[in-house]
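Line by line, the protein sequences give chains A and B.
Take the first sequence: its position 148, counting from 1, is numbered 153 in our numbering, and each next residue is one higher.
Take the second sequence: its position 374, counting from 1, is numbered 488 in our numbering, and each next residue is one higher.
Hints may be right or wrong, so weigh each one.
[As the list claims (entries may be wrong)] Output of the computed footprint for chain A on chain B, the stretches with three or more beta carbons under 8 Å from beta carbons of chain A:
hint	stretch
1	215-224
2	237-248
3	299-310
4	465-475
5	531-537
Everything labelled a hint here was simulated from the structure, so no lab data went into it.
As the structure is a computational prediction, the values presented were derived from the model and not from experiment.
Every residue, glycine too, gets a C-beta built ideally from N, C-alpha and C.
Residues per chain, in single letters:
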Amino acid sequence: MRVTNRMLVNGLIRNVHSALARLDKKYNQLATGHEFQYPSDDPVGVAQVMQLTTSIKQTDQYIKNANDAILWMESTDSAMNEFGSVLQRLKELSIAGANDTLPQESRDAQADEVRELRNHLYMLANSEQEGRYLFAGTRTMNSPYERLADGTIIYHGNDQQVRVELGIGVTMDINITGINAFGDPATGDIFAFLAQLEENLRTGNVPAINEAVGTLENYLDNSLKIRSELGAKVNRMEMNKERLETLKLNYKKILSDTQDIDFAEKVMELKMMESVQQAALNVGARIIQPTLIDFLR
Amino acid sequence: MRSTFAGIETAYRALQANQLALDITGHNIANANTEGYSRQVATFSATAPYTNPAFNRSATAGQIGTGVEVAYITRMRDMFVDLQIRQENHALGRWTARYENLHQLELIYNEPSETGIADALDQFWTALQDLANRAENTSVRAVVQQRAIILTDSIRSVYEQVAQLQRDLNQEITTRVSEINALANQIADLNEQIGKVTSLGDQANDLMDQRELLVEKLSKLTNIEVTTDNVGRYNITISGKGLVYGEKVTELYLDPDLDRQGLVDVKWTDSKEKVQFKDGSVKGLLEVRDEDIEIYQKMINDMASSLINEMNAIHSAGYGLDGSTGIAFFSGSDASNIRVNNEILVDGRRIAAAIGDEPGDGQNALKMAALLKTPIMNAGTTTYAAYYSSIISRLGVDAQKATTMKDNQEVLVGHLKDRQESVAGVSLDEEMANMIKFQHAYNAAARILTTLDAVLDTIINKMAV
């Protein structure tokens, strides 16, 4: 084949260009730390990365949801715990008050304590978590229990469930409504009951006080049942959260395997390409060599 | 008997021929770097010999040589390689155009990134989840507003940029078509000159080089078929319809497409029919403008309108914090005009997070979030995110193919050009060697003349009669 100077120069330019283009790609990969920049670099890989990125964000959100729900349920649980203690004390008072031989002054003192405990319960029932009332059903913006001027306490909440999504399509009810915890205001809740108990103590209505012990035990049973339910739910949430954390870790690993470069490998490749580039330039220096013209005098 | 002075004429011819050869060498060197130039070679040929007139066979030895002439100046060129270059140029033009514009599309979609539509969708979903958890919270509602704005802005911006690319492509097609017309006219002009030269029996070497260069450029723009007539003029057709016929040109013109606002069709000035481009960069540009972009626009439109309809259906059934209901979440009908409904932007409390009219109820927000994870597209088999990522994959595959094809064609055309260069290119070493050769031949011929002069001097002046 006949070879001309221009062929050599063209070949050199082509080689230097392609060496530079490969170098550019490697530089980009090293600078970004990613195997590909554009969908065309690896269409399948890019689709996978997009999918994984979405999955990771989704998992993050579900972990956030779980944390929120756990916090909410733990706050509810501690309120219920205190409610339990109050009920215990009320039971003790009722048992003592049901004693026929007890002087009325003592019952009056007990009635005073019941009144205070009722006030305390009123406060408990209006517990909130970041400005959201725990026992209001879904009417979370306003305090669910209101004390009227005559001392009666009325319920403003509803019986709706606050629901949290644990995973796609999986939800959990996390709230305990005032009706669940403190009784249905329509048929008489704990506040009405305590008002009555106070009244009975003041009037020394022993049979009624005696009956109250049973009712208090029912409330106590109910509160324990609610707490064990909450505990089970928190447990489930924690397990779910752990599973999500593992899942997220897996996603991140696959994402890294898909899009991140092997740094050592890329640096090696870069070094090789740099030497190819140098060789191309070196060859260039030789191509632009003396021609016959230089020897003709 | 031969003339006494015949040798002078022979030597003179040698001087002339070698001088012409030196001129050609000079022309070659001068054009060593001229694009499209084919080296020229002086083809020497012995002039018609002189036969001794005799009644019978002559007593002298046969025919006597009369010297040399440059019979013709040959243009060194491989016509078959030219044909191949043209053919491969068609594909190179087409795939280069596709590569450049599909890559542009990739840049517009800007995936994978933290700022594309995919991310906006994810963020919007996250915001809806937060809203479900804290439906009564106005700052959470503000986040939903902002994320929804980002989502709609990204969709509209991608749509608008793709539409802009389509308009740019239209503009480029316009430019390319006028380029085709200009090239066709230049080729026709050269055809005319070449035809005149050829009919006189000469070879129009340099004009043919210029014309070949133009044809090569033209072959990158469109598919062409080239035939040569009996006086060396090119007839050029595009898919069988004549563009250049000898000295005549049938130009192409741009006719506004009635169905598609702002876009043009390329037509023949004589028949008013659409030009059937099969290859070349104009074909590539038309493909991207009329096929690829239409598909990507349609896909993003389908996604946007489905999102608008589905989201609005859920949203308008729910209740806002202020008790409002029946309000659409998005306004608009497709990707070109999707926006967050102004009523919602004015007051975030109108975002219908609740199914019932209760502040802490986030059930409707959950439903809206769930919508983004529900297979809806492709007849209920694909989620929005998966649908969007299928757009990106498709674009990736298309762009990847274009890149590979373009690279392949570049290598192929480069190789063919090397082959042509091997035949047609000027080698300075070769020209130098030739120069020395001709110089020596010239010197030697001059020497013959001097010797003949001395011989004649002897005969004419020194011989005593």
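Verification of the supplied hints:
1. 215-224: With 5 residues close enough to chain A, the hint holds.
2. 237-248: Answer holds; 8 residues pass the 8 Å Cβ test.
3. 299-310: violated (count 0)
4. 465-475: Coverage by chain A holds here, the residue count being 6 at a Cβ distance below 8 Å.
5. 531-537: holds (count 5)
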